[in-house]
Each structure stands twice: as C-alpha cells, then as structure tokens.
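For the protein sequence lines, the chains are A, B and C, in the order given.
Per the working numbering, the very first residue in the first sequence carries number 26; after that it's consecutive.
Per the working numbering, the very first residue in the second sequence carries number 410; after that it's consecutive.
Per the working numbering, the very first residue in the third sequence carries number 520; after that it's consecutive.
Think of the hints as simulated: they come from the structure by calculation, not from any bench.
Being a predicted model, the structure only gives us computed values, none of them experimental.
One or more hints might be untrue.
Capping the alpha-carbon separation at 20 Å, the derived lysine to aspartate or glutamate pairs in DMTMM-like fashion look like this [stated by the list, open to error]:
(1) K703(C) to D641(C)
(2) K678(C) to D641(C)
(3) K676(C) to E551(C)
(4) K328(A) to E618(C)
(5) K651(C) to E586(C)
(6) K676(C) to E214(A)
Covered stretches of chain C, going by a simulated chain A footprint (3 or more residues, C-beta under 8 Å) [what the hints assert, rightly or not]:
(7) 602 to 613
(8) 622 to 635
No residue lacks a Cβ here, since even glycine has one placed at the ideal position from N, Cα and C.
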Amino acid sequence: MKFWLPAVVIVLAAAGVAVSRINEYFFFAAFVVLTYVVLATAWNILGGYAGYVNFGTSAFFGVGAYTAVVLFKWLGAPLAVQIAAGAAMGALLGFGVGMLTLRLRGIFFAIATVAVIFIMETLMINWRYVGGATGLQLLRPEAMAPFGSYTRMLFLVMTVMAVAAVALARYVQTSWIGRGLRAIRDSEEAAEASGVPTLRLKLVACVLSGALMGAAGAPMPMYLSFIEPASTFSLNYAIGALAAPMIGGTTHWLGPVVGALLLVTIQQIVTVTISSEINVLVVGVLLVLFVVLAPDGILGFFKRWLRASSR
Amino acid sequence: MAFSFDLLTEALLFGVLLGCFYAAVSIGLSVSFGLLDVPNVAHPAIMVLGSYGTYVVASHGLDPIVAGVVLMPVFFVLGILIYRFYYESFEKRGTEAGVRGLAFFFGIAFIIEVGLILVFGVDQRTVQAPYIGSSLALGEYRIPYRMLVAFGVALVLTFALTLYLSKTFTGRAIKAVAQDEPALRLMGVNPVRIKQWAFGIATGVSALAGAMLIIVGPVEPALDRLYIGRTFCVVVLAGLGSMTGTLGAGLILGISESIVLMFFGASWAPAVAFGLLLIVLGIRPQGLFGR
Amino acid sequence: MAESLLKVSGVSKHFGGFTALSDVSLEIAAGERFGLIGPNGSGKTTLINCISGLLRNDGGSIRFQGENISALPAYQRTRRGIARSFQVPRPFHTMSVLENLLVPSAYVAHMKDTEGEAQAMDILGSMGLAAKAGLHANQLSQVELRKLELARAMAAKPKLLISDEAMAGLSGAEVDEVLAILFKLNEAGITIIMIEHIMQAVMRFSQRVVCLDAGKIICEGTPASIVQNADVQKAYLGA
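Looking at chain A on its own, in the form it has when it is part of the complex (with noise of 0.2 Å):
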C-alpha cells in the first residue's frame, strides 16, 4: 500500500498536468527524465542487484527504437503495439547476450555489452529500410484528444512506464528472487552451493532489464520523429543508465530513480550554464567520484530508514 498509493497518485497528476495549459518545454524535458528513471532503473535490475555491469544500454534501448520503427513503417501499428514490440527484442537480445556471456566472469559479460552496441549500430547503419546512416523521417499520427499534442500523450505514457518499471524493481527486490541476485552479488560460488540458480537468475533478470531498455527505446523515434543510429546507440545513454544508479544507490528501487532525476538536472544546468561538452564530462566525473567515495550512494545515507521500510 506505502508505494501503491503515492503511484496512482502520481499518474493522476501525470495526467492533470498532461491535459493543463503548461509550457510546452516541461514535456520534452519530463519525457527525457522519465526515460532515464527506466534506463536506470532496468540497468539497477542486473548491475545493482545481481551486480554484472551492462555497458551496452544503448544497444538494448537503440533495438526497441528500431522495432518501433519498423513496425510503424510496415504495418502502421499503435504505440502500446511499438512499446510490447521493443520490449519483446530487448528481452530478446538480453537472453541471447546473457546465454552468451553470463556464464563467464563479469568483465565478460559488460565487454559483450559493447560488442552488442556497436554490431546493432552497424547493422542499423547498413539497412536502407530503416534509413541507414541518414535516418528517417517519420511522421507522427495526429494526437487524440484530450491531449493538445502527441508529446503530451507521450510523457503520460513514459510516466505509466516510469511506474511499472519500478514497480518491476521493487517487486524484484523484494521478492525470493532478488534474495538470491543479492547472494550472486556477495559470492556467486557460495550461492550456487547454497542452492541458488544462478545461471537462471542472472539471465532473468538479464530478460527483465533488456525488456524494459527495449521499451524505453520504443517511444523515442515517435518523440524526435526522426531516427539516425548514431544517437540512437549514443553511449550517453550507456553511461547515464550506469551513473545514475551508481550515484543515487544500487541495493534499492529508489537509487536509481534519485540518481537519474539529480543527473538529467544537473545535466540540464550544466548544458545551459556552460557547454553541453562539460556536460558529459560531468557525468563522467561523478560517476568516478560516487564510485571511490560515496559506493552506497545517495541512499546510503539512508540507510537505516530504508531498510525498515522495505521489509
């Protein structure tokens, strides 16, 4: 009930505001920060819990792009058709790269990771279908009403999305399974003998993470309109989904919703005070800084609270 209620709430709102006569900037802004509360969220699912390091977000979020694409070009089908779609292939690609590599020492697993970026960028950038290197234009169906335009309809959807994808989290957190992701993360060989599965719990939540990176990717070409593999598999997305749960927390479904809201702020400050390069940089720079310094996080602060709450 304690997370239940505070999600209507905020869906509710989501649609108030969605429907309002706001500023037109609040939801191009809101719809980027939503995205990465999923990104960091998904990527907390496997890198936090169980602890093996996805570098290869972009990959996983670029295939539910493209799925989106091509199901939109070819059959003209409805965005919750292109959402289902992208997370299908994301947990696709999840379940091939993790029979792949999960097997193997944890290094393993996040070089396959980079591996899988640049081969789907490749392989993106040498199908005409999709537009290739130059991209494509897409045009955007016309928005229903009550919404004023399609990016307001797109932002109550990713807020739907942002809360499912915690939802997903803290169910998974909570529940026998990420008892056991949490006994993999302590010593993988003393939860192998004390009964744990391994293989197949990293692998679902392997599935799981690449399942909702796809349905994240999804929304986007319909945002931008348009869609080119070099920002697609940008690995800004591969570094925020990493930083932002390093820097809000890794053991709780609330780190990395903290993380991605403080980086895509101090992001936007930073882009607008002084230069979009110095914003990455930035980036960068906390990520090393939170990962020697403050390991547990923002919510490692927290603790104490934290840990009676989520019983």
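On the provided structure of chain A, position chains B and C as indicated by the hints.
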C-alpha cells in the same frame, strides 16, 4: 578468377601487417588484464591519449615514433598512479569491488574521451612523417610504408616484452604473480609492487601503441570505443596470460578484418572485431593459447 | 550391502597441462565420519569442488545416492543433499547472519521466510551464534565466521556435509568448539567429510581417512594406520 585472387592476396598481406599492429596495441591489455586481472576497459582510451600526446610532441618537429618513445616514461608513471589508486580504492577491499572497479575504468575512459574532445575537438588528427603517404611497390601490390613501420615497431615491441617477461627476474615475477601470489610473497617479493610495476609497463607500452595508431591512420577521440572491441578480441582470443598468443590472435583478427574490408566494404569492418569477440566468448572463452 | 552414499570412481581433473587429480576413487557410507588429508596442493579442495559441482571432473564419475551427478550444476547437487563450507569463509556480506541462512532454506528447502527464520535460529542456537543473528559478517570473529559457514551449509538440510578446513588457524579451544559441532551433526545422521591439516582433529573425528598427494590417493584406512603409513609420512615430511 585471377582478379579476386589478387585482391585476396593483397587483403592477406595487408591483414598480416594490420594483425601485427593489433597485437602490439593489445599487448598492454594482455599484461594488465590477462596477467594482472585488472578490468582495464580504459586501455584503449589511454592509448588514444597516447596518440594525441604523440600529435602534440610531434608537432614540435619530432618523428612520431620518437615522440611515442619519449612519452613512454610519462605513461609509465601514469600507469603506476592509476594502479595505485585502483588498488587502494578497490582491490584491497575485496569482492564487492568487481562492479565498482569496472564502473571506475569505464568512467575513466569516458573522462579521457570527453577531455580530448574538449581540448582537441572532434575532428580527426594526423601526423606527418616521410614514411606516411607513400607505398612500397612489391610486384603488383602496393604496401603503405606506414604499415611497414607499424609492423616493424610492433614486432620489436612484442619481442622485447616477451623476452622481458621470460628472462628477467621482475618479468618472471610478473608472470608468477598471476599464477601464485602466496608463493611470490614467500619469496620475499611484494606482489603489490610487482603489479604496480607491471601496470606501469603496460601503460607505458600504450604510449608507443598510441604513436603507432596515429601513424597508421587519423585519430579522433571516439576511437577508443572501436579499439575496446579490437584489443579485447585479441586478448580473449589469445587466452588470458599468453603473450605469444597475442601475436597469433592479432593476425587472425587483422586478416579477418582486412578480408571483410576488401570484399564487403568499410561500413562492415568495425563489427568484425566485436563479432569475433562474441563468437570466441560463446565457443571457447579460454582462448586459443591461454592459461 | 547398502549402496554407498557417495561413490567417486576414477575421477580426474586437468587445468591446461597441469593434472590436479588422477584416477581418484573412494566410497563413503551414509552416516560415516570421513577424513581427507594431504599436503598443500595435493588436490583436496579440487576434489571437493568436483564433488560439490563448482568444477566439472574431466574423467570418471561421481554418484550420489546411486545417481550419477557428474554433469549436474552445483546448485542441483546442493538440492540433492550435498552441502559444503568454504575454506576461506564466503559469507553474504550485505546480509545479516540470519539472512545468510535464509538463502539455502529458501532455495533448497523451499521454506517461506517465517519457517526459514525459525529453523535458522535453531541452527544458530546449536552453534552458539544465536546472539549474533542480526550482525553482519564484518562484525564476526574468525571462529564465528567458520561457524556461520557450517550453519549456512546446515540450513540446506544436507545428507552429506563437506567441511573444508573449517579449523585452520583457530586456537585449541576453538578447534574443540567446531569439532563438537561436527560430532553433534553426525549424531543427528549427517555424513561428514572433513578436510583438515590439524592432525589431532582428523584423528579424533574420523572413522576412516584417505590421504591425497599430487592428485592421487596414496593411502586409505583407519586414523591409526594412516599415521604409521610410510607414504603418508613421506608426503608430509619429504624424503
């Protein structure tokens, strides 16, 4: 089909040169990751840093290779500092370090890349030298001199490092620290200092590797991402801890990439290293010659 | 004649060019107290890694309760009743002592947390760790960590418990503490394989002892006969 046979031979020739080059740029990683188990995903980024350093030093009139050699001691010290930092922050604290150690090096790589963009911009940089731009004519084939130079330096570097690791006391201690740290301790050798020294060497070598990189072709800050694939492909294919294997693995990669480049075009070549890496991880993760 | 609980037949294991185990065979009956000794590097831990499933044996077979388990992953062997402690304790360090035991009780015995907690407190109580249930690994002493290893293995309700050098580095009184726990577990019906360097503990505890050297079994018998065996003396003391 004489026509494509000729093309194939040219691709093979080029591939051999390219392969030795890849082996040489991967050897630093072979030491830091293969022998010392440090998850150094920032290795390519440090190498690209070396390329830009070469660019700066060479702009004062030095030959690029000389510039690279000049930078080696600087990078050696940098390597020691990085390892010291890594050890104090992560390795000493045990198992939890895995995720954070990886995230740390990923962050370092990112900072280096963005730092280079800030200082030099995103445009490509090149160096000038008498051997860059012209080719050696061998019968019907043209071999770019710069590739021969890189090939030569690569062989010397690989040979020297392999000799060092097998003939000198420190070198053998480095190999030993990977296999049996407690035994080394019992011999009165401090494993941390050995690892530190080794990481310094690996980083110093990266300076020269960076020089070769900018000789072989233009560099840009984002180049490190591509080389993550190439260097890890070589190191994993060789098998962790195998120095001589690095040469063989490099050749396999170089030839594969060259053939793909020749017959399928430049837009597919970058994916070869990553694809090969995934295949190796799936079929034979211990590599061909590993411990 | 009853079927042995554990039957290791001709097991071998190689690491690259190095042979860690060659043609190792032994049989352990249910309820037995079995000792495994041998100098450092003789392959003891490799052998139990092969039995518990952390490693796959290259040759030979391992049968548990009549079933060939050589191809099973470790977690399935634990679910069939083989539990082990680790030589260097590997607690789940972000979990409390109590939560450490909840992992096997949930994943092996499929217990809900309330049931698992009750069982965990029982086990901890029998080892003198009840008061430490809420603490984390970094707050425990060395002997308490060893006991936690055994307690966690017990939470999996094993038929066979492998204790890997649980007493290394402990004081005389602490050795007695751990030994008493192992005796109590055996009296409750659990078969125990003890790997130890502390000779007096092995001799007091074991009904049968096997000595390993350079990957081969060089002697098998009662504690008294092992100690007098010339090969064993040579292995430990040199020529």
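So, against the hints stated earlier in the document, which numbers end up violated here?
Violated hint (a single one): 5; every other hint is consistent with the structure.
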